[in-house]
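Number of protein chains: 2
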Amino acid sequence: MTPDYSIINGAFVLKNEASILISDLSIQRGFGIFDYFRTINFKPVFLDDHLSRFYFSASEMFMEVGYNHDELEKLIQQLIETNNIPDSGIRITLTGGYSEDGYTPAKPNLLITQMPFTFNPGNFNKGIRLFTYQHQRQLPQVKTIDYLMAIRLQSFIKENHADDVLYYNENEICECPRSNFFIVTKKDEIITPSKNVLKGITRKKILGFPEFNVKESIIKPEDILNIKEAFISSTTKNILPVLMINGEKIGDGTPGMVTRKIYEHLFLLKEK
Amino acid sequence: MTPDYSIINGAFVLKNEASILISDLSIQRGFGIFDYFRTINFKPVFLDDHLSRFYFSASEMFMEVGYNHDELEKLIQQLIETNNIPDSGIRITLTGGYSEDGYTPAKPNLLITQMPFTFNPGNFNKGIRLFTYQHQRQLPQVKTIDYLMAIRLQSFIKENHADDVLYYNENEICECPRSNFFIVTKKDEIITPSKNVLKGITRKKILGFPEFNVKESIIKPEDILNIKEAFISSTTKNILPVLMINGEKIGDGTPGMVTRKIYEHLFLLKEK
Numbered sequence: 160m161t162p163d164y165s166i167i168n169g170a171f172v173l174k175n176e177a178s179i180l181i182s183d184l185s186i187q188r189g190f191g192i193f194d195y196f197r198t199i200n201f202k203p204v205f206l207d208d209h210l211s212r213f214y215f216s217a218s219e220m221f222m223e224v225g226y227n228h229d230e231l232e233k234l235i236q237q238l239i240e241t242n243n244i245p246d247s248g249i250r251i252t253l254t255g256g257y258s259e260d261g262y263t264p265a266k267p268n269l270l271i272t273q274m275p276f277t278f279n280p281g282n283f284n285k286g287i288r289l290f291t292y293q294h295q296r297q298l299p300q301v302k303t304i305d306y307l308m309a310i311r312l313q314s315f316i317k318e319n320h321a322d323d324v325l326y327y328n329e330n331e332i333c334e335c336p337r338s339n340f341f342i343v344t345k346k347d348e349i350i351t352p353s354k355n356v357l358k359g360i361t362r363k364k365i366l367g368f369p370e371f372n373v374k375e376s377i378i379k380p381e382d383i384l385n386i387k388e389a390f391i392s393s394t395t396k397n398i399l400p401v402l403m404i405n406g407e408k409i410g411d412g413t414p415g416m417v418t419r420k421i422y423e424h425l426f427l428l429k430e431k
Numbered sequence: 160m161t162p163d164y165s166i167i168n169g170a171f172v173l174k175n176e177a178s179i180l181i182s183d184l185s186i187q188r189g190f191g192i193f194d195y196f197r198t199i200n201f202k203p204v205f206l207d208d209h210l211s212r213f214y215f216s217a218s219e220m221f222m223e224v225g226y227n228h229d230e231l232e233k234l235i236q237q238l239i240e241t242n243n244i245p246d247s248g249i250r251i252t253l254t255g256g257y258s259e260d261g262y263t264p265a266k267p268n269l270l271i272t273q274m275p276f277t278f279n280p281g282n283f284n285k286g287i288r289l290f291t292y293q294h295q296r297q298l299p300q301v302k303t304i305d306y307l308m309a310i311r312l313q314s315f316i317k318e319n320h321a322d323d324v325l326y327y328n329e330n331e332i333c334e335c336p337r338s339n340f341f342i343v344t345k346k347d348e349i350i351t352p353s354k355n356v357l358k359g360i361t362r363k364k365i366l367g368f369p370e371f372n373v374k375e376s377i378i379k380p381e382d383i384l385n386i387k388e389a390f391i392s393s394t395t396k397n398i399l400p401v402l403m404i405n406g407e408k409i410g411d412g413t414p415g416m417v418t419r420k421i422y423e424h425l426f427l428l429k430e431k
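Chains as they are written, first to last, in this note's numbering: chain A, 160 to 431; chain B, 160 to 431.
Worth double-checking, as some hints may not be accurate.
No copy is singled out in the list; a pair is fine if it fits within one copy or between any two copies.
[Said to hold, decoys possible] Straight-line alpha carbon distances no greater than 27 Å define the calculated DSSO-like cross-link-like pairs of lysine-lysine that follow:
| hint | residue 1 | residue 2 |
| --- | --- | --- |
| 1 | Lys317 | Lys266 |
| 2 | Lys266 | Lys174 |
| 3 | Lys420 | Lys174 |
| 4 | Lys396 | Lys379 |
| 5 | Lys431 | Lys346 |
| 6 | Lys429 | Lys266 |
| 7 | Lys429 | Lys396 |
| 8 | Lys233 | Lys346 |
| 9 | Lys285 | Lys233 |
| 10 | Lys408 | Lys266 |
| 11 | Lys354 | Lys431 |
| 12 | Lys420 | Lys233 |
| 13 | Lys363 | Lys266 |
| 14 | Lys317 | Lys431 |
These aren't lab readings, by the way, just hints derived from the structure by calculation.
Bound conformation, chain A alone:
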C-alpha cells in the first residue's frame, strides 16, 4: 500500500501528518465550507457540479478560494494520480484561516483529502430507517461544515432504533443531515422539499430525469402517513429506500417500485 497524501494550500502532505494550526477559524469558530465528490476508476463524478457548488458556498460566506476552477481541478487530478486510489471520496474544505484575534476572517486554508470508497449496491435492499427531529440547518443552501446538531444526535438516533434523522421545521419536512428526502405519492408523483435544504447534486440529477414526474414542493409531516414510498439521495448513498419513519413502516416496509426505477436510472448514469 502506497502512503496516502492530502493537499494543504497546494502542498502535498502525508495524510497522517496533515494538520493546521489551532488558530484556524474552523477550530475556533466552526467557520468553513466544503464539498465532496466521488471518483470511480480514477474519474471524478459530476465534478463540475461539485466545484460550482463549492465556489457558490465560498462566495456566500465571503471567502476567497484562492484557486480558480482549472487550478483546483488540476490539484485534484494530481492527488488522484499520486494516491492511486481508483474508487474514492474526495473532500475539498475551505476554512476561515489563521485569525489573529480568533474572530476576524483571515486568508482561508484549502484542504483536499481522499479516502477509499466503493459503492455497495447491497445496501439498497436494506434501506434506511429515519426518525423525525425538529431543526432547521442555518444557511441551508450553503455547504458549510456545520453538522453540530447531526453529530450531537447520533446517540438519539441509536436510542430510537433509526439510522438517521429527518429534519422538519415550521411544519415542513426539510432533509436529512447528509442527504435529500423524496416521497412517492399514491398518484406516483415524486416530491422533494423545495426550500430550506441543501441543493444536493444527486437531487439535481433526479429532478432532471425526463422519464419521471419529479417536482419540488412542500412536504408536511402529516403527508408522510399517506405515502407509497420514500427515499433519500446522496453522493455516497445514491438512492436508499426509506423503509421506516418514526418506527412506522412506509408502504409494506420493503423497497418500492418507483424508488427502484430511480435507483437503476441513477446507477446507469453514474456507476456504469
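Chain B: place on chain A using the hints.
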C-alpha cells in the same frame, strides 16, 4: 519576551506550532465546545463558573473532557506560570476528535491557549452600536464553537455602520453573538432575555446584584423603541452601553446612569 505556549491534550507546545490533524471533527464538522475566562494579575477570574459551564457544555454534547475539575485547573495554573502573562484571556476548547470516518465522534482533543488581554475602561464612554438580525443560535445554552452566522455577518455589520448584531427570533430579542443584552426601562427595571440565550457568567453576576432590580423576562423588538438605556455584558467587555440600535439613538445617545452604576459595581467586584 518569553515564547508563548499552548497545551494540547496535556502537552505543552509552542503557540506558533500548536496544531491538530485535519481529521478532527471541529474542522470536518464544526463540532466542539469551549469556554473563555480572563486572568488579572495571574489570577483566573470566576474560574469555577467558567469550568462548571465548560463541563455542562461537554455533557450536553455527550463529550468526555478527559480531565476532572482539579486536573484542568492544574493545567491552567501551569500554563499561567509558564507563559508568565499577568493579564490575559484563556480559552479551553474541546473538539470532536480524530474521527475515522469524518462523522463518528472520537476521543476529544483538549486545547488550552492564552492571549494577552488588558481591560480598557476607556471603551465604556465610546459604547457600542447594534443592528438587529433575525437568527436563533442552535443549542443556545451550550457554548459551542458555532459562530458561523456571526463570522459571516461581519461585513453586514460594517455596511450598517454598527459594531455588532443583536439576534432576535420569533419576535423576541435574544443576545449578541458574544455578549448578553440588557435593557433599562423607564421604570428603572433592568431586564435581560430569559431564554434561548447563552447564560453568560457576567450576566449571572449582574442578575445576582442585590442592589439592583434585575430580572429575566421577554424583550420584544418593539420594546426597544421605548427604553431608557441598554447595555451588553461579556467576559472581555464587562459592561458596554448600547448607544444606538438600527441607527436610532437609545436615550440621548450617551451612557446612562443605571448602566454606569452596574458597570462600576462589576468593576469593583472583578477588576479591583
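Classify it for me, Lys429 with Lys266: is the Cα-Cα distance of at most 27 Å met within a copy, between copies, both or neither?
Intra 36 Å, inter 36 Å, cutoff 27 Å: neither.
Give the relationship of Lys420 and Lys233 under a CA distance limit of 27 Å: within one copy only, between copies only, both, or neither.
neither (36 Å within a copy, 62 Å between copies)
Reference check for the pair Lys408 and Lys266, CA-CA at most 27 Å: within, between, both, or neither?
neither (49 Å within a copy, 36 Å between copies)
Within a copy, between copies, both or neither: where do Lys233 and Lys346 come within 27 Å Cα-Cα?
neither (47 Å within a copy, 66 Å between copies)
For Lys317 vs Lys266, is the C-alpha pair at or below 27 Å within one copy, between two copies, both, or neither?
between (39 Å within a copy, 19 Å between copies)
Using 27 Å as the alpha-carbon threshold, which applies to Lys317 and Lys431: within, between, both, or neither?
neither (34 Å within a copy, 51 Å between copies)
As a check of your reading, is Lys354 near Lys431 (CA-CA no more than 27 Å) within one copy, between copies, both or neither?
neither (31 Å within a copy, 53 Å between copies)
Under a CA distance limit of 27 Å, which applies to Lys285 and Lys233: within one copy, between copies, both, or neither?
neither (38 Å within a copy, 51 Å between copies)
Between copies, within a copy, both or neither: which fits Lys363 and Lys266 at Cα up to 27 Å?
neither (32 Å within a copy, 37 Å between copies)
Have a look at Lys431 and Lys346 and pick one of within, between, both or neither, based on CA distance no larger than 27 Å.
neither (30 Å within a copy, 73 Å between copies)
How would you classify Lys396 and Lys379 at a CA-CA limit of 27 Å: within, between, both, or neither?
Close inside one copy (24 Å), not across copies (45 Å); limit 27 Å.
Status of Lys174 relative to Lys420 across identical chains (alpha carbons, at most 27 Å):
So Lys420 and Lys174 fail the 27 Å test inside a copy (39 Å) and across (56 Å) alike.
In this structure, the hints that do not hold are numbers 3, 5, 6, 8, 9, 10, 11, 12, 13, 14, in rising order.
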